[in-house]
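Trainee: 1 is the number of the first residue of the sequence shown in the working numbering; add one for each residue after it.
No lab work stands behind these hints, which were simulated from the structure alone.
Some hints here could point you the wrong way.
[Stated by the list, open to error] Taking CB as the label site, the calculated pair distances span: (1) Arg135 / Arg94: 58 to 64 Å; (2) Val27 / Pro47: 19 to 25 Å; (3) Ala113 / Gly93: 29 to 35 Å; (4) Ile95 / Asn117: 48 to 54 Å; (5) Ser147 / Gln110: 52 to 58 Å; (6) Val119 / Leu91: 38 to 44 Å; (7) Asp107 / Asp127: 26 to 32 Å; (8) Pro37 / Met73: 51 to 57 Å; (9) Leu146 / Asp108: 51 to 57 Å; (10) Thr31 / Ala71: 43 to 49 Å; (11) Arg150 / Ala115: 51 to 57 Å.
From the three backbone atoms N, C-alpha and C, an ideal C-beta is built for every residue, glycine too.
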Amino acid sequence: MRFPFVVVLLAALGFNTAQAEIYKCTVEGRTTFSQHPCSADAILVKPAISPQPTDEELTQQEAANQSVRVAAMGRWKFHKVTFLRKRLSSLDGRIAALLRERSARLDDLQQDALAENDVVNLQYSVDLQRLMEERADVKSRLEGMLSAPR
Numbered sequence: 001m002r003f004p005f006v007v008v009l010l011a012a013l014g015f016n017t018a019q020a021e022i023y024k025c026t027v028e029g030r031t032t033f034s035q036h037p038c039s040a041d042a043i044l045v046k047p048a049i050s051p052q053p054t055d056e057e058l059t060q061q062e063a064a065n066q067s068v069r070v071a072a073m074g075r076w077k078f079h080k081v082t083f084l085r086k087r088l089s090s091l092d093g094r095i096a097a098l099l100r101e102r103s104a105r106l107d108d109l110q111q112d113a114l115a116e117n118d119v120v121n122l123q124y125s126v127d128l129q130r131l132m133e134e135r136a137d138v139k140s141r142l143e144g145m146l147s148a149p150r
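Please take these sequences and the hints and turn them into a complete structure.
Mentor: Next up, the structure:
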């Protein structure tokens with residue numbers, strides 16, 4: 001699957017270099033450049049081809065590229081660490097606020113429960129007092145009836 005693609009790519013590159021001829025012409029006192037000779041005095045211009053870099057230059061370039069990648073990674077890591085620290089701080093703040101809110105709510109509930117307990121205790125005390133008074137009254141009447149002559 002890859003082989004036909006490579007052949008087509010190489011063929012396209014080969015055709016492209018064959019068409020890279022440039023001619024310099026002077027027409028009516030003006031210099032022009034064309035892919036085809038435009039007059040009999042057209043000069044074939046050969047583009048300057050830079051020399052292939054040496055192994056040492058390639059090594060230096062790769063080292064420079066690696067240095068840039070490391071610096072970029074360092075910046076990325078710095079920003080990521082900063083972001084994560086801010087997020088951690090934000091979450092710590094939210095957790096602390098939620099713990100305070102829970103504590104306050106539990107304190108309120110405890111106070112409400114104590115107040116309700118006092119109300120319930122008072123109500124039972126009142127009811128017990130009333131029933132004890134009623135019992136004492138009933139007992140007194142019973143004793144009065146039992147001690148009275150028949």
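Trainee: With reference to the structure, classify each hint as holding or not holding.
Mentor: Do the hints match the structure? See the list:
| no. | hint | result |
| --- | --- | --- |
| 1 | Arg135 / Arg94: 58 to 64 Å | 59 Å, holds |
| 2 | Val27 / Pro47: 19 to 25 Å | 21 Å, holds |
| 3 | Ala113 / Gly93: 29 to 35 Å | 30 Å, holds |
| 4 | Ile95 / Asn117: 48 to 54 Å | 32 Å, violated |
| 5 | Ser147 / Gln110: 52 to 58 Å | 53 Å, holds |
| 6 | Val119 / Leu91: 38 to 44 Å | 41 Å, holds |
| 7 | Asp107 / Asp127: 26 to 32 Å | 30 Å, holds |
| 8 | Pro37 / Met73: 51 to 57 Å | 53 Å, holds |
| 9 | Leu146 / Asp108: 51 to 57 Å | 56 Å, holds |
| 10 | Thr31 / Ala71: 43 to 49 Å | 46 Å, holds |
| 11 | Arg150 / Ala115: 51 to 57 Å | 55 Å, holds |
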